[in-house]
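Sequence lines, in order, name chains A and B. Going letter by letter, the first sequence gives residues 1 to 410 in the working numbering. Going letter by letter, the second sequence gives residues 1 to 410 in the working numbering.
These are computed hints drawn from the structure, not numbers from a lab. Some clues are possibly wrong.
Label-pair restraints from in silico Cβ distances [stated by the list, open to error]:
id, chain 1, residue 1, chain 2, residue 2, range
1, B, Glu141, A, Ser352, 57 to 67 Å
2, B, Asp126, A, Phe232, 32 to 42 Å
3, B, Glu217, A, Asp126, 36 to 46 Å
4, B, Glu217, A, Phe232, 52 to 62 Å
5, A, Gly143, B, Val107, 19 to 29 Å
Ideal placement from N, C-alpha and C gives every residue a C-beta, glycine not left out.
Number of protein chains: 2
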Amino acid sequence: MALYVQKFGGTSVGSIERIEAVADKVIRYKEQGHDLVIVLSAMSGETNRLIDLAKQIDENPLAREMDVLVSTGEQVTISLLAMALTKRGYPARSYTGAQVKLLTDSVHTKARIRSIDDAKMRADLDKGRVVVVAGFQGVDEEGNITTLGRGGSDTSAVALAAALKADECQIYTDVDGVYTTDPRVVDKARRLESITFEEMLEMASLGSKVLQIRSVEFAGKYNVPLRVMSSFEDGPGTLITLEDEKVMEQPVVSGIAFNRDEAKLTIVGVADVPGVASKILGLISGANLEVDMIIQNIAEDKTTDFTFTVHRNDFKQAKELLEASALELGAREVTGDNTIAKVSIVGVGMRSHAGVAATMFKALADESINMQMISTSEIKISVVVDEKYLELAVRALHTAFGLDAEETEK
Amino acid sequence: MALYVQKFGGTSVGSIERIEAVADKVIRYKEQGHDLVIVLSAMSGETNRLIDLAKQIDENPLAREMDVLVSTGEQVTISLLAMALTKRGYPARSYTGAQVKLLTDSVHTKARIRSIDDAKMRADLDKGRVVVVAGFQGVDEEGNITTLGRGGSDTSAVALAAALKADECQIYTDVDGVYTTDPRVVDKARRLESITFEEMLEMASLGSKVLQIRSVEFAGKYNVPLRVMSSFEDGPGTLITLEDEKVMEQPVVSGIAFNRDEAKLTIVGVADVPGVASKILGLISGANLEVDMIIQNIAEDKTTDFTFTVHRNDFKQAKELLEASALELGAREVTGDNTIAKVSIVGVGMRSHAGVAATMFKALADESINMQMISTSEIKISVVVDEKYLELAVRALHTAFGLDAEETEK
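Please work from the sequences and hints to get the whole structure.
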């Protein structure tokens with residue numbers, strides 16, 4: 001008998017039939033004797049419908065009032081699920097964010113959680129009730145309704161699990177777990193039994209489709225075991241957990257992440273003196289553009305090349321900014337490329353294994369794929385390649401690090 | 001400069017365009033220097049949409065969860081109006097029932113108001129903000145969301161006006177005031193400048209279309225000047241007020257009310273001994289049927305006839321109940337008629353004027369309309385007539401008591 005916090009997203013509660021299916025799923029756990037706190041999103045489409053109403057009135061509606069408006073979405077689903085559970089003979093009670101005093105700061109539409117009062121939920125669980133909580137929303141010190149931003153329901157679930165010291169926080173999604181890489185790119189991609197919080201964060205490009213990154217950080221910080229599971233089929237999903245719990249069976253590389261959202265910019269031939277890099281990045285950040293990878297080569301002839309990547313949508317603006325200031329920066333030239341892709345190998349096992357980079361680079365070289373940039377962190381190695389080689393690179397690395405599913409599993 | 005509480009119903013906020021029209025109307029009052037607290041219903045149709053979702057899950061959904069569900073309707077409209085006002089340069093803040101601590105008992109779906117905390121609203125008004133409050137909803141001592149029942153937004157508005165000691169509570173509807181009688185029946189019906197709370201209550205058959213009776217009782221109890229006005233056109237509406245404020249110009253009869261919702265039942269020839277009436281009514285109330293008028297004639301031959309009216313929908317059930325017990329009650333016969341109508345003259349002026357009943361009965365006699373039952377209260381005389389004479393009776397009385405609009409007004 002355990003205490004589980006289970007979160008169901010908008011697709012899982014997108015219709016009355018789906019809500020009833022969630023009730024049936026919840027009851028299966030309840031029948032096993034578990035205590036359950038269910039966290040729900042709004043019905044899929046509902047949040048957009050509400051935002052559209054607001055936009056008809058004001059293109060930039062008041063953030064405080066947006067939170068009052070969109071928080072109604074989850075309030076609808078929690079009441080409906082509580083009805084469906086009770087109808088089936090399993091007493092349930094719904095709570096809004098305000099009602100469980102999910103206290104946040106006052107940054108409307110992207111508030112951060114400060115604390116949760118678990119008294120009411122505990123009392124309900126003690127009485128055998130299923131507790132149903134509205135995700136995504138909270139309340140500030142003044143009693144104003146706040147929301148946590150898109151996808152914030154995952155964060156609500158993790159925060160509730162932390163406050164209640166739940167045995168597991170289960171995030172139900174439309175995929176059955178976290179994969180070694182995107183199965184649409186590599187058909188031998190495997191579901192991972194488990195992955196560490198750090199790896200999950202580094203797998204952002206995959207993970208962002210499965211879990212909101214903030215909820216993973218939150219789960220790591222408060223040591224909440226997090227499990228990604230399918231709403232629509234049974235199965236163990238993927239457990240996201242602390243490193244030491246899985247160290248025995250630790251593979252070197254857990255997964256291959258990638259994205260096509262970046263573009264590369266190079267300032268050629270700038271003076272190799274202190275302050276140049278900060279001037280260049282100052283230009284970019286001054287325009288509120290975000291930089292991902294940054295590389296500066298060793299100087300030759302007292303000048304150097306400075307290369308970084310930005311989001312592909314920001315490429316044009318960043319290039320124009322640099323070109324306008326190139327002379328001032330003493331640069332010879334500004335070059336750019338928005339047909340690149342980033343491929344990363346991720347794994348806490350790298351820490352204790354030498355030669356991982358060598359294996360990676362050899363696998364790419366064997367396929368004659370040129371690496372344009374390289375960046376490393378403790379548990380990740382990323383390379384930038386021409387985007388036309390993306391799939392080839394991901395498949396080669398997936399095989400090289402032994403991630404391919406066995407034929408018999410197919 | 002005054003403090004007004006203004007309530008707009010579901011039709012008045014039924015679309016984005018309508019909400020923007022309400023914003024414009026509110027701003028006209030604000031421009032005159034008034035302080036404003038706006039109370040809103042849900043968009044017309046929305047409450048039914050939500051109830052329908054619940055009914056798909058459970059024909060008799062949990063009352064607590066129904067309140068969580070349907071209270072989202074007003075939460076949507078208050079946020080949208082606050083946006084529309086702010087967009088127009090008039091700062092506004094929305095509050096749910098829970099946020100202004102509109103405290104109620106715990107009788108979900110038909111809760112009664114206990115108190116309101118006006119601190120936040122006062123602070124906003126002091127800062128020049130328009131306050132926008134969700135009607136129809138409150139919160140109990142435990143923090144559970146409650147609702148006041150259909151039409152409860154009127155009651156919310158009156159309660160807020162009482163708590164804030166507002167100068168006037170203005171109820172915006174789709175009619176431009178309270179009429180001497182239904183204009184669809186009498187084309188010379190006039191809008192009343194004012195009417196007393198008691199008269200308004202007695203005019204229930206008209207008033208119920210304009211105002212929720214409970215809100216009128218509440219306004220009378222707390223002496224809140226209440227004004228019924230049109231959402232769609234300008235005009236003074238009808239002020240509902242205390243008797244002494246209008247005594248100088250008091251007409252004898254303020255209005256003619258009527259309804260076709262009743263049916264008549266008579267038990268013929270029951271023993272004229274104590275306890276018979278209570279046995280008969282006990283049968284009816286035991287089946288949860290409500291009785292309106294009750295008449296017992298003087299006994300002849302130690303038996304009497306006992307007549308009462310019930311709602312027309314309950315006629316069949318009530319008649320069957322009586323017939324089954326007729327022998328036991330010692331009755332000769334049970335007769336009934338569900339083609340009757342009740343016509344009432346209402347006016348506080350009756351108290352100080354003799355001969356009102358005589359005038360009424362003569363007016364009906366002049367039209368050869370037979371009165372089947374008569375019932376009087378301090379400020380009302382009601383008669384039951386064959387329903388085919390209803391319109392004729394109402395017109396005759398409207399003329400007899402000098403209520404007809406002058407030709408020049410037409």
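Status of each hint after checking the structure:
no.: 1; hint: B:Glu141 with A:Ser352: 57 to 67 Å; result: 58 Å, holds
no.: 2; hint: B:Asp126 with A:Phe232: 32 to 42 Å; result: 54 Å, violated
no.: 3; hint: B:Glu217 with A:Asp126: 36 to 46 Å; result: 41 Å, holds
no.: 4; hint: B:Glu217 with A:Phe232: 52 to 62 Å; result: 53 Å, holds
no.: 5; hint: A:Gly143 with B:Val107: 19 to 29 Å; result: 24 Å, holds
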